[in-house]
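A.B. asks: Listed below are the residues making up each chain.
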Amino acid sequence: MGRRRAKADEAATWPRYFADRASRSQDPALRAFYEAGMPDPDTPIGEVEMVALDFETTGMDVHQHAIVSVGLVPFTLQRIRPAQGHYWVVRPPRPLDEASIRFHRITHAEVSTAPELDTILDRLLSLLAGKVVVVHYQGIERPFLDAAVLDRRGERCLFPLIDTMNLEARQVRQGWWRRVQTLLGVPQTSIRLGDSRARYGLPSYSAHHAKLDALATAELLQAQVAKHHSPETPLGDLWS
Amino acid sequence: MEAEVQEIREHLKRYPPFDRLESEWLDRIAESVEVAYYRDGTMIQEYGEPIDTLRYVRSGAVEVYRHNGELYNRLSEGDIFGQTGLLHKRQVRFPAKAIEDTLLYLIPAAVFDRLSNEDDHFADFVELSGPRLKAAVEQNERENDLMVTRVRRLLSRSPVTIEETASVRDAARMMTENYVSSILLAARTDQNDDRAFTGEQGDYWRVTGILTDHDFRVRVLAAGGSADTRLADIKHEHLITIQSEESVYEAMLAMLRNNVHHLPVLHRRRPVGVVHLSDIVRYETHSSLYLVSNIFNQSSVKGLVRLMPDVRAAFIRLVDEGATAQMIGEAMSSIGRSLIRRLIELAEDELGPPPVPYCFMVNGSMARNDQSISTDQDNALILDDSFVPEQHDAWFAALAKRVSDGLNACGYPYCEGGIMATNDKWRQPLSVWRRYFEEWINQPDPERLLHSSIFFDLEPVYGEERFVEQLQDRIAERASQSPLFLASMARNALNRTPPLGFFRTFVMEQDGRHNNSINIKRRGTAPLIDVIRVHALSVGSRSQNSFDRLDDITRADTLPAGQADRLRYALEFLSMVRIRHQAHDLKHHHAPDNNIEPENVSDEERHNLKDAFQVLSNAQKFLRFRYPMPNR
Numbered sequence: 001m002g003r004r005r006a007k008a009d010e011a012a013t014w015p016r017y018f019a020d021r022a023s024r025s026q027d028p029a030l031r032a033f034y035e036a037g038m039p040d041p042d043t044p045i046g047e048v049e050m051v052a053l054d055f056e057t058t059g060m061d062v063h064q065h066a067i068v069s070v071g072l073v074p075f076t077l078q079r080i081r082p083a084q085g086h087y088w089v090v091r092p093p094r095p096l097d098e099a100s101i102r103f104h105r106i107t108h109a110e111v112s113t114a115p116e117l118d119t120i121l122d123r124l125l126s127l128l129a130g131k132v133v134v135v136h137y138q139g140i141e142r143p144f145l146d147a148a149v150l151d152r153r154g155e156r157c158l159f160p161l162i163d164t165m166n167l168e169a170r171q172v173r174q175g176w177w178r179r180v181q182t183l184l185g186v187p188q189t190s191i192r193l194g195d196s197r198a199r200y201g202l203p204s205y206s207a208h209h210a211k212l213d214a215l216a217t218a219e220l221l222q223a224q225v226a227k228h229h230s231p232e233t234p235l236g237d238l239w240s
Numbered sequence: 001m002e003a004e005v006q007e008i009r010e011h012l013k014r015y016p017p018f019d020r021l022e023s024e025w026l027d028r029i030a031e032s033v034e035v036a037y038y039r040d041g042t043m044i045q046e047y048g049e050p051i052d053t054l055r056y057v058r059s060g061a062v063e064v065y066r067h068n069g070e071l072y073n074r075l076s077e078g079d080i081f082g083q084t085g086l087l088h089k090r091q092v093r094f095p096a097k098a099i100e101d102t103l104l105y106l107i108p109a110a111v112f113d114r115l116s117n118e119d120d121h122f123a124d125f126v127e128l129s130g131p132r133l134k135a136a137v138e139q140n141e142r143e144n145d146l147m148v149t150r151v152r153r154l155l156s157r158s159p160v161t162i163e164e165t166a167s168v169r170d171a172a173r174m175m176t177e178n179y180v181s182s183i184l185l186a187a188r189t190d191q192n193d194d195r196a197f198t199g200e201q202g203d204y205w206r207v208t209g210i211l212t213d214h215d216f217r218v219r220v221l222a223a224g225g226s227a228d229t230r231l232a233d234i235k236h237e238h239l240i241t242i243q244s245e246e247s248v249y250e251a252m253l254a255m256l257r258n259n260v261h262h263l264p265v266l267h268r269r270r271p272v273g274v275v276h277l278s279d280i281v282r283y284e285t286h287s288s289l290y291l292v293s294n295i296f297n298q299s300s301v302k303g304l305v306r307l308m309p310d311v312r313a314a315f316i317r318l319v320d321e322g323a324t325a326q327m328i329g330e331a332m333s334s335i336g337r338s339l340i341r342r343l344i345e346l347a348e349d350e351l352g353p354p355p356v357p358y359c360f361m362v363n364g365s366m367a368r369n370d371q372s373i374s375t376d377q378d379n380a381l382i383l384d385d386s387f388v389p390e391q392h393d394a395w396f397a398a399l400a401k402r403v404s405d406g407l408n409a410c411g412y413p414y415c416e417g418g419i420m421a422t423n424d425k426w427r428q429p430l431s432v433w434r435r436y437f438e439e440w441i442n443q444p445d446p447e448r449l450l451h452s453s454i455f456f457d458l459e460p461v462y463g464e465e466r467f468v469e470q471l472q473d474r475i476a477e478r479a480s481q482s483p484l485f486l487a488s489m490a491r492n493a494l495n496r497t498p499p500l501g502f503f504r505t506f507v508m509e510q511d512g513r514h515n516n517s518i519n520i521k522r523r524g525t526a527p528l529i530d531v532i533r534v535h536a537l538s539v540g541s542r543s544q545n546s547f548d549r550l551d552d553i554t555r556a557d558t559l560p561a562g563q564a565d566r567l568r569y570a571l572e573f574l575s576m577v578r579i580r581h582q583a584h585d586l587k588h589h590h591a592p593d594n595n596i597e598p599e600n601v602s603d604e605e606r607h608n609l610k611d612a613f614q615v616l617s618n619a620q621k622f623l624r625f626r627y628p629m630p631n632r
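Just so you know, the sequences run in chain order A and B.
Numbered according to the numbering used here, the first sequence spans residues 1 to 240.
Numbered according to the numbering used here, the second sequence spans residues 1 to 632.
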């Protein structure tokens, strides 16, 4: 019960936050983003427009690392539309290190000719405006976008999002049986994108491309809602 | 290209019909794909709903149903559905349900439409089964030279012709001067003769015969004739000719059927050349023709048995060279008949002349001219009505035994159902045979017809052909007049049903069960032949071959438009699958059988097989409705 109430309160604060930022934002792109508002937390998930978002970054630490590519795919619970999605490689302010190149296969050459994130930021915000953003592991997209916008526009950029990793954790890492397993030292079930997808019979994609991961995330959310929730589930139950 | 497009494209291109698409099309499709996930047990599309995308199964499994809820198909990775709805008013025709967690790629209708318009292969694939099977069958025919090459292309010189009033000496001299082994005979006639052609001086002639080196030996020298013998006196009675526009294949069949080695070729009525057996053999390396003449040269059953590896080799060659099922069926039947004829000749040599006239009749596949490599023997004896069992039957029983044993030794096993002339019941005078057919047609019941339907494919092989022809006439007349008989035959034609097709590595039955293999004869060609036989009987057809029967049915115009064609394509396709499978067995030194394992079926073939089974299934449903049991 406690958790439900806490979530409801949290959800209720988002409309207030959006209204506040819409009135005070100096940056036109951010103001437009906040003015577009967001669906009411009571809206059934089946009725909202969503956009799956994925960043590839040079590392995990928001203070040291930077975004190198952005992929997004708009979708609803019925349809995923990769053709209407976008993908950008962007030039990070700090040089790429070799380890990260091995990871996401974006090379120095590609990056050196790419635009700076700032030049695509307005477009990115307009594509997210009014939609519900869906990511797999909010620990990347949320802080990296916030930091990048703060860096370049001098303002914060926060919004509610659905985290498919979080939803997956709720299914496989909660409940009394899981606690017993933990006590017995059984290793935790993986909730990485590929492993989570496999549990829903979704095919494995060659990972670590921002747009492909965005597509993979959208598919995963469709599968999770189909299996554990329903199109009538209110948005507020799913986002954070 | 973006990574997800690449990912989608790579998957599509592994499955038909996308595997045959040009690269630009693949890009365009992959770029347009939308994605949707369906959980195990949820409906994907309901009957009558609007539909605006073609559905492609990326992962999972889907069941497709008929409007009445009956299972229509089960699909897995790489299969498509929804095309029927897209082609028909953009409304779902076949409801579909996810039976596993399923991820679909959705191809927008606009892309689907353009693709169907611009790519013939894709259009054939997505349209109803008829066109797709038709395409597969026609593809096979296009690849076959024998079928398309005109016989005139084999001609290297114009014919040497002589007036038939000339002497044997004149003809021999002329042949020697011209270095030919045959000469055409011609007679003067007038313009009213419907076989007249005009000569160089504007006079009228007709071709009356052909003489070969062989004839000089047999018909002149051996017969004690002189060099002054008139050609007209030694010519053959029936002149077999072929039109120059006919295919090489037809020429080959004419030679096989008539066991002749020279065939005059006419352009309309004018002789334009003579094709010799060796011309065809040189053109195609088939040895089935040589085989037939070889059969007639054997003087013992042992000798015939020794030819059997050649029969198998000829079968494999025909398959490898892309012959159609119809061609192979005819070639194999011709060989089988020649074998029987020779066995009878050998038996008569020993037993002496027959006590009364008779006809040796074949039934089943040999009568239909669609024999394959592994078939049992079905035959019977029709005796003249002067037959007196006590006096004559010993001779005929001995004949039947020799033929039957000989066939068995040559690899045509005894008929398990006892449909053989060795069986007293099937060694009877014509009047008894007439009564048999009378009873089958007038007092039919499915049970009784089950074992006798094989007699409704009947052809003479040796002896008094008119006996069998009389029975054929009788059947053609009476069967079409008896609704009860047709209904009983129709009922029997429903006994063996086709499977739905394949699902993953299994054969999928109509009730959803899975099997590891399918007997393509029992579940495919045989019931299809049964269906065609009923329609043929109902239109009074006298043909025995299923393709000829379909021609008769088409002419009679009693079936819904296109159905006869669909049956034809399905039969050709199923027969070809069976034949190829048997050739494969033979090449790998297995005994040829009729069992097809799904893992040995290519993706393309899998789709075509599914279509063919569907054609058969629909044809059986139609049969039930077309020939209902009349109230007695």
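Hints should not be assumed to be uniformly reliable.
Straight line, CA to CA, 25 angstroms or less: simulated SDA-like cross-link-like pairs of lysine to any residue [said to hold, decoys possible]: (1) B:K13 / B:Y179; (2) A:K227 / B:K13; (3) A:K227 / B:L155; (4) B:K89 / A:Q78; (5) B:K97 / A:Y87; (6) B:K97 / A:G46; (7) B:K587 / B:N618; (8) B:K587 / A:Y87; (9) B:K13 / A:A83; (10) B:K13 / A:E47; (11) A:K227 / B:A135; (12) A:K227 / B:D40; (13) A:K227 / B:R173; (14) A:K227 / B:T42; (15) B:K425 / B:E438; (16) A:K227 / B:N516; (17) B:K13 / A:P203; (18) B:K97 / A:H86; (19) B:K13 / A:G194; (20) B:K610 / B:R90; (21) A:K227 / B:E438; (22) B:K97 / A:D61; (23) B:K13 / A:Y87; (24) B:K235 / B:R173; (25) B:K610 / B:D473; (26) B:K97 / A:V225; (27) B:K13 / A:A226; (28) B:K89 / A:Y205; (29) B:K97 / A:T76; (30) B:K13 / A:S204; (31) B:K13 / A:H208; (32) B:K13 / A:P231; (33) B:K97 / A:Q78; (34) B:K13 / A:G46; (35) A:K227 / B:R90; (36) B:K97 / B:E46; (37) B:K97 / A:H208; (38) B:K97 / A:F18.
These aren't lab readings, by the way, just hints derived from the structure by calculation.
Note that the structure is a prediction, hence the values are computed from the model and not measured.
A.B. asks: Compare the structure with each hint and give your call.
C.D. replies: Evaluation of the provided hints:
1. With a C-alpha separation of about 59 angstroms, the suggested pairing of B:K13 with B:Y179 is violated against the 25 angstroms cut-off.
2. With a C-alpha separation of about 30 angstroms, the suggested pair A:K227 and B:K13 falls outside the 25 angstroms cut-off, and the hint is violated.
3. Straight-line distance between C-alpha atoms of A:K227 and B:L155 comes to about 74 angstroms, which puts the hinted pair past the 25 angstroms bound.
4. Of the supplied pair hints, the one linking B:K89 and A:Q78 holds, its CA atoms being roughly 22 angstroms apart against a limit of 25 angstroms.
5. For the given pair, B:K97 sits about 34 angstroms from A:Y87 by alpha-carbon distance, which is inconsistent with the 25 angstroms threshold.
6. With a CA separation close to 20 angstroms, the supplied pair B:K97 and A:G46 stays within the 25 angstroms bound.
7. Taking the CA atoms of B:K587 and B:N618, the gap is about 35 angstroms. The hint is violated against a cut of 25 angstroms.
8. For the hint linking B:K587 to A:Y87, the alpha-carbon distance of about 55 angstroms lies beyond 25 angstroms, and the restraint is violated.
9. Restraint check for B:K13 and A:A83: the C-alpha separation of about 19 angstroms stays at or below 25 angstroms, so the hint holds.
10. With a CA separation close to 34 angstroms, the supplied pair B:K13 and A:E47 exceeds the 25 angstroms bound.
11. Pair hint A:K227 plus B:A135 does not hold up; C-alpha atoms about 43 angstroms apart against a cutoff of 25 angstroms.
12. Restraint check for A:K227 and B:D40: the C-alpha separation of about 9 angstroms stays at or below 25 angstroms, so the hint holds.
13. Distance restraint check for A:K227 and B:R173: the Cα-Cα separation of roughly 95 angstroms exceeds the 25 angstroms cut-off, and the hinted pair is therefore not satisfied.
14. Proposed proximity of A:K227 and B:T42 is supported: the alpha carbons are some 11 angstroms apart, at most 25 angstroms.
15. The suggested pairing of B:K425 with B:E438 holds, with an alpha-carbon distance near 15 angstroms, which does not exceed 25 angstroms.
16. Under the criterion of a C-alpha separation no larger than 25 angstroms, the hint pairing A:K227 with B:N516 is inconsistent with the structure, at around 33 angstroms.
17. Among the hinted pairs, B:K13 with A:P203 is consistent with the structure: their alpha-carbon atoms are about 16 angstroms apart, no more than 25 angstroms.
18. For the suggested pair B:K97 and A:H86, the alpha carbons sit about 32 angstroms apart, so the restraint of at most 25 angstroms is broken.
19. Of the supplied pair hints, the one linking B:K13 and A:G194 holds, its CA atoms being roughly 23 angstroms apart against a limit of 25 angstroms.
20. Distance check on the hinted pair: B:K610 and B:R90 sit about 24 angstroms apart at the alpha-carbon level, within 25 angstroms; holds.
21. With a C-alpha separation of about 67 angstroms, the suggested pair A:K227 and B:E438 falls outside the 25 angstroms cut-off, and the hint is violated.
22. Using a Cα cut-off of 25 angstroms, the hinted pair B:K97 and A:D61 is violated, with the two alpha carbons roughly 45 angstroms apart.
23. Restraint check for B:K13 and A:Y87: the C-alpha separation of about 24 angstroms stays at or below 25 angstroms, so the hint holds.
24. A distance of roughly 17 angstroms separates the Cα atoms of B:K235 and B:R173; the hinted pair therefore holds under the 25 angstroms criterion.
25. At most 25 angstroms may separate the alpha-carbon atoms for a hinted pair to count; B:K610 and B:D473 exceed this at roughly 37 angstroms.
26. About 18 angstroms separates the Cα atoms of B:K97 and A:V225, which keeps this hinted pair within 25 angstroms; it holds.
27. For the hint pairing B:K13 with A:A226, the CA-to-CA distance comes to about 29 angstroms; that exceeds 25 angstroms, so the pair is violated.
28. Our distance criterion of 25 angstroms between C-alpha atoms is broken by B:K89 and A:Y205, whose separation comes to about 36 angstroms.
29. Our distance criterion of 25 angstroms between C-alpha atoms is met by B:K97 and A:T76, whose separation comes to about 20 angstroms.
30. Between B:K13 and A:S204, the direct Cα distance comes to roughly 17 angstroms. Compliance with the 25 angstroms bound is thereby established for this hinted pair.
31. Straight-line distance between C-alpha atoms of B:K13 and A:H208 comes to about 23 angstroms, which keeps the hinted pair within the 25 angstroms bound.
32. A C-alpha spacing of about 33 angstroms is found between B:K13 and A:P231, which places the hinted pair above 25 angstroms, so the restraint is violated.
33. Among the hinted pairs, B:K97 with A:Q78 is consistent with the structure: their alpha-carbon atoms are about 15 angstroms apart, no more than 25 angstroms.
34. At roughly 33 angstroms between alpha-carbon atoms, B:K13 and A:G46 are farther apart than 25 angstroms, so this suggested pair is violated.
35. A threshold of 25 angstroms between alpha carbons decides the hint, and for A:K227 with B:R90 the separation of about 30 angstroms lies outside it, so the pair is violated.
36. Among the hinted pairs, B:K97 with B:E46 is consistent with the structure: their alpha-carbon atoms are about 9 angstroms apart, no more than 25 angstroms.
37. Our distance criterion of 25 angstroms between C-alpha atoms is broken by B:K97 and A:H208, whose separation comes to about 33 angstroms.
38. With a C-alpha separation of about 42 angstroms, the suggested pair B:K97 and A:F18 falls outside the 25 angstroms cut-off, and the hint is violated.
Going down the numbered hints, you'll see the structure goes against 1, 2, 3, 5, 7, 8, 10, 11, 13, 16, 18, 21, 22, 25, 27, 28, 32, 34, 35, 37, 38, while the others check out.
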